[in-house]
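Enquirer: Sequence:
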Amino acid sequence: MREWEKIADSYDWTGIRCSCAVGARHVPADFARLLAAQTAEEATGRGLLGDVAIHGLLSEAAVPVARMALAAFRDEELSVRALRTLTMLIINFTDGEADQEAIANGREDVGEECREVLREGIPLFYAGLAESVDTFVPQYLAQALRDLGEDPEKVQAAFNAGPR
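Under the working numbering, the first residue of the sequence shown carries the number 339, and numbering increases by one thereafter.
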């Protein structure tokens with residue numbers, strides 16, 4: 339079993355809210371679909387972008403998905419399309435705040451919890467800046483690093499040193 343799957347299995351998704359009407363029970367399957375994506379059509383982030391994170395507003399499901407995203411970023415061999423969407427999801431977590439439903443349920447700290455989880459990935463994100471030949475992934479990683487409080491000049495230097 340892959341690390342992100344172990345993380346997913348540690349949660350009772352039927353009791354976690356996301357922004358859709360059915361709750362977050364669909365999230366692990368949607369996450370698996372994203373990681374397997376090869377094309378832009380497959381890598382839309384359906385069930386994640388728009389459910390777990392919407393324009394900087396984070397549902398309660400964001401914290402476990404942030405943990406899964408970090409594990410996948412660290413351990414998985416992803417297509418460029420899947421990696422783009424995964425890093426887009428990550429910057430939603432590094433820049434986001436709790437949505438109204440999360441706040442109403444006493445989870446106003448969802449955004450900070452996501453950032454705390456993703457701070458563990460700072461060295462990985464710098465490595466991604468140094469290695470990625472993609473156009474978008476390094477931009478997303480640089481944004482995540484700045485959101486996590488990294489020195490903007492250090493981030494820019496790492497970005498500029500990349501192979502693009």
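For the record, the hints were derived by calculation from the structure and aren't laboratory data.
Errors might be hidden in some of the hints.
In silico SDA-like cross-links for lysine to any residue, where the CA-CA straight-line distance does not exceed 25 angstroms [unchecked claim]:
#, residue 1, residue 2
1, 344, 413
2, 344, 412
3, 492, 473
4, 344, 384
5, 344, 438
6, 492, 433
7, 344, 457
8, 344, 460
9, 492, 445
10, 344, 361
11, 344, 374
12, 344, 355
13, 492, 468
14, 344, 502
15, 492, 462
16, 344, 468
17, 492, 412
18, 344, 360
19, 344, 492
20, 344, 354
21, 344, 368
22, 492, 460
23, 344, 417
24, 492, 454
25, 344, 364
26, 344, 473
27, 344, 376
Quick caveat, the model's predicted, so the values are computed rather than measured.
Enquirer: Does each hint hold? Answer for all of them.
Expert: Here's how the hints hold up against the structure:
Under the criterion of a C-alpha separation no larger than 25 angstroms, the hint pairing residue 344 with residue 413 is consistent with the structure, at around 13 angstroms. For a cut-off of 25 angstroms, the pair hint linking residue 344 to residue 412 stands: about 14 angstroms separates their Cα positions. Straight-line distance between C-alpha atoms of residue 492 and residue 473 comes to about 19 angstroms, which keeps the hinted pair within the 25 angstroms bound. Straight-line distance between C-alpha atoms of residue 344 and residue 384 comes to about 21 angstroms, which keeps the hinted pair within the 25 angstroms bound.
A hinted pair counts as satisfied when its Cα atoms are at most 25 angstroms apart, and residue 344 with residue 438 does not qualify at roughly 29 angstroms. Between residue 492 and residue 433 the alpha-carbon distance is near 19 angstroms, which keeps this suggested pair within the 25 angstroms criterion. Using a Cα cut-off of 25 angstroms, the hinted pair residue 344 and residue 457 holds, with the two alpha carbons roughly 20 angstroms apart. Between residue 344 and residue 460, the direct Cα distance comes to roughly 22 angstroms. Compliance with the 25 angstroms bound is thereby established for this hinted pair.
Distance check on the hinted pair: residue 492 and residue 445 sit about 33 angstroms apart at the alpha-carbon level, beyond 25 angstroms; violated. For the hint pairing residue 344 with residue 361, the CA-to-CA distance comes to about 20 angstroms; that is within 25 angstroms, so the pair holds. Restraint check: the Cα-Cα separation between residue 344 and residue 374 comes to about 17 angstroms, which is no more than 25 angstroms; the hinted pair holds. The hinted pair formed by residue 344 and residue 355 meets the criterion: a straight-line CA distance of about 20 angstroms does not exceed 25 angstroms.
Between the alpha carbons of residue 492 and residue 468 the distance comes to roughly 12 angstroms, so the proposed pair stays at or under 25 angstroms and holds. Taking the CA atoms of residue 344 and residue 502, the gap is about 34 angstroms. The hint is violated against a cut of 25 angstroms. Using a Cα cut-off of 25 angstroms, the hinted pair residue 492 and residue 462 holds, with the two alpha carbons roughly 15 angstroms apart. Taking the CA atoms of residue 344 and residue 468, the gap is about 29 angstroms. The hint is violated against a cut of 25 angstroms.
Simply put, residue 492 and residue 412 have alpha-carbon atoms about 21 angstroms apart, close enough for the 25 angstroms limit, and the pair holds. Distance hint between residue 344 and residue 360 is fulfilled; the C-alpha atoms sit about 23 angstroms from each other, no more than 25 angstroms. About 34 angstroms separates the Cα atoms of residue 344 and residue 492, which puts this hinted pair outside 25 angstroms; it is violated. Using a Cα cut-off of 25 angstroms, the hinted pair residue 344 and residue 354 holds, with the two alpha carbons roughly 17 angstroms apart.
With a CA separation close to 15 angstroms, the supplied pair residue 344 and residue 368 stays within the 25 angstroms bound. Using a Cα cut-off of 25 angstroms, the hinted pair residue 492 and residue 460 holds, with the two alpha carbons roughly 12 angstroms apart. For the given pair, residue 344 sits about 22 angstroms from residue 417 by alpha-carbon distance, which is consistent with the 25 angstroms threshold. Of the pairs offered as hints, the one joining residue 492 and residue 454 holds, with about 20 angstroms between alpha carbons and a cut-off of 25 angstroms not exceeded.
For a cut-off of 25 angstroms, the pair hint linking residue 344 to residue 364 stands: about 16 angstroms separates their Cα positions. Straight-line distance between C-alpha atoms of residue 344 and residue 473 comes to about 31 angstroms, which puts the hinted pair past the 25 angstroms bound. With a C-alpha separation of about 23 angstroms, the suggested pair residue 344 and residue 376 falls inside the 25 angstroms cut-off, and the hint holds.
Of the numbered hints given earlier, the model fails hints 5, 9, 14, 16, 19, 26; all others are met.
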